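If you're matching them up, the sequences are chains X and U in order. If you want this note's numbering, it's the 1-based position in the first sequence plus 1125. If you want this note's numbering, it's the 1-based position in the second sequence plus 1125.
Don't take each hint at face value.
For identical chains, the list gives no copy identity; a pair is met inside one copy or between any two copies.
Said to hold, decoys possible - With a straight-line cut-off of 20 Å between C-alpha atoms, the simulated PhoX-like cross-links for lysine-lysine are: (1) Lys1316 to Lys1212; (2) Lys1137 to Lys1316; (3) Lys1351 to Lys1246; (4) Lys1137 to Lys1246; (5) Lys1137 to Lys1187; (6) Lys1180 to Lys1305.
These are computed hints drawn from the structure, not numbers from a lab. Since the structure is predicted, the reported quantities are computational estimates derived from the model, not experimental observations.
Spelled out from the first residue to the last, the chains are:
2 protein chains.
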Amino acid sequence: MDTILNHRSIRKYKSDPIPQEILENILDAGIRASNTGNMQVYSILVTKDSLIRQKLWEAHFKQGMVLQAPVHLTFCADFNRFSKWCKYRQADPGYDNFLSFLTGAIDALLAAQNCAIAAEKSGLGMCYLGTVTWMADRIIKILELPKLVVPVAAFTIGYPDDNPGLTDRLPRNGVVHQEKYQDYSPSAIDKIYEVKESLAESLALLKENDKETLAQVFTDNRYTRKDNRSFSRKFLEVLEKQGFMNNGEM
Amino acid sequence: MDTILNHRSIRKYKSDPIPQEILENILDAGIRASNTGNMQVYSILVTKDSLIRQKLWEAHFKQGMVLQAPVHLTFCADFNRFSKWCKYRQADPGYDNFLSFLTGAIDALLAAQNCAIAAEKSGLGMCYLGTVTWMADRIIKILELPKLVVPVAAFTIGYPDDNPGLTDRLPRNGVVHQEKYQDYSPSAIDKIYEVKESLAESLALLKENDKETLAQVFTDNRYTRKDNRSFSRKFLEVLEKQGFMNNGEM
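The whole structure should be built from the sequences, with the hints applied where relevant.
This is the structure we're talking about:
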């Protein structure tokens, strides 16, 4: 529990390698995660090679931690292995569709979070890379992912060279609903975002970005409609190309 | 670590309620999970009411555990709260697209797995319901989810009235790749699935389903092409209806 409650994203790492036994424990934790129908329709890629990590660094918007951290994990929805098994066993796999991608993505993400917690429990630091869905096409090329394999999560791991504070979170009743969904009134939104908006770092962001509200920093600079739409089309093309969009009536 | 490595899906529960403090700790564990840009674009629904749980039971293919377990958690991609905040703060939210759904789904799934581990650490049992993506339209109605909210994970929790053994997993090198993806040869597939195919319960499944291979149980009975395609179209319709498919060029 302490491991979970004390999670910090670590963006600076020592160069010390991760002992093989610890790395294997982390992977085994991922493999124990719940998954759909025990099909295990995900794959985990462990990248240590510095040349490949350099290519991943370029794909991940050149975030420094990708070069620094000794190990880079990529979690993929994977119906390739399962479909090959079916074909070699006189069974006809029908997993080249959107629902199957979603199923694989769910499996991969639950495994990823198990690995993240196991890494932190071992004294390692980690940081998810949100760029993985934006740059899925590049990552597919770098890691040579075949059809029916699509990356949905990635993180760096290594020994921390940084000790950041806990980041803020919305109050519990800001994200939890009792029984059914209770939609948000303007005054409920005020209450939920009150603390976040008054943090010194939020006020600093307004100045830095020359904005009147914190929300504008997100909509105008960080996660813009234009980028979101462009990445949406790119990701849907990736799904098509990787063979996950055969959804027609039979 | 032991909690993670000893995970079992619990499908039978005692009627004992979950103390409020324990439930709140579980939710707080979910809220500490990594999320995209600290936007926290997910919601967690806690359903205890027996009438609502009965409706959820019907939606989730009448799996008995949904009626038995005192608490039902549903995890949703949620850009409704964030978009409302933007609107009330003179910011123009552009999160009605597929990439934003995917971002919210990732946030929701990492939070779900944190909650699952925290529940098990507290001596509770849990079991994910894969039916959540198949029946998203029904669940949206039952839980009154507004636009920009889509369920991606759900599980039951309660005190276990069952003590099942550990389920099998493929060997580590069956799902982990070193450096880049190594595609599977027929003999690699043989090795990876060897133990699974020889389990007594797998052999029992062949008899039960009158099939020649275990793979055929999956392709012909459990996860058929016809069902997968039909659920794919249904889920894509849900995304459209919930307002997550505005991906056009601007």
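Hints versus structure:
no., hint, result
1, Lys1316 to Lys1212, "between (55 Å within a copy, 15 Å between copies)"
2, Lys1137 to Lys1316, "neither (34 Å within a copy, 39 Å between copies)"
3, Lys1351 to Lys1246, "neither (39 Å within a copy, 43 Å between copies)"
4, Lys1137 to Lys1246, "within (18 Å within a copy, 30 Å between copies)"
5, Lys1137 to Lys1187, "within (14 Å within a copy, 49 Å between copies)"
6, Lys1180 to Lys1305, "between (45 Å within a copy, 12 Å between copies)"
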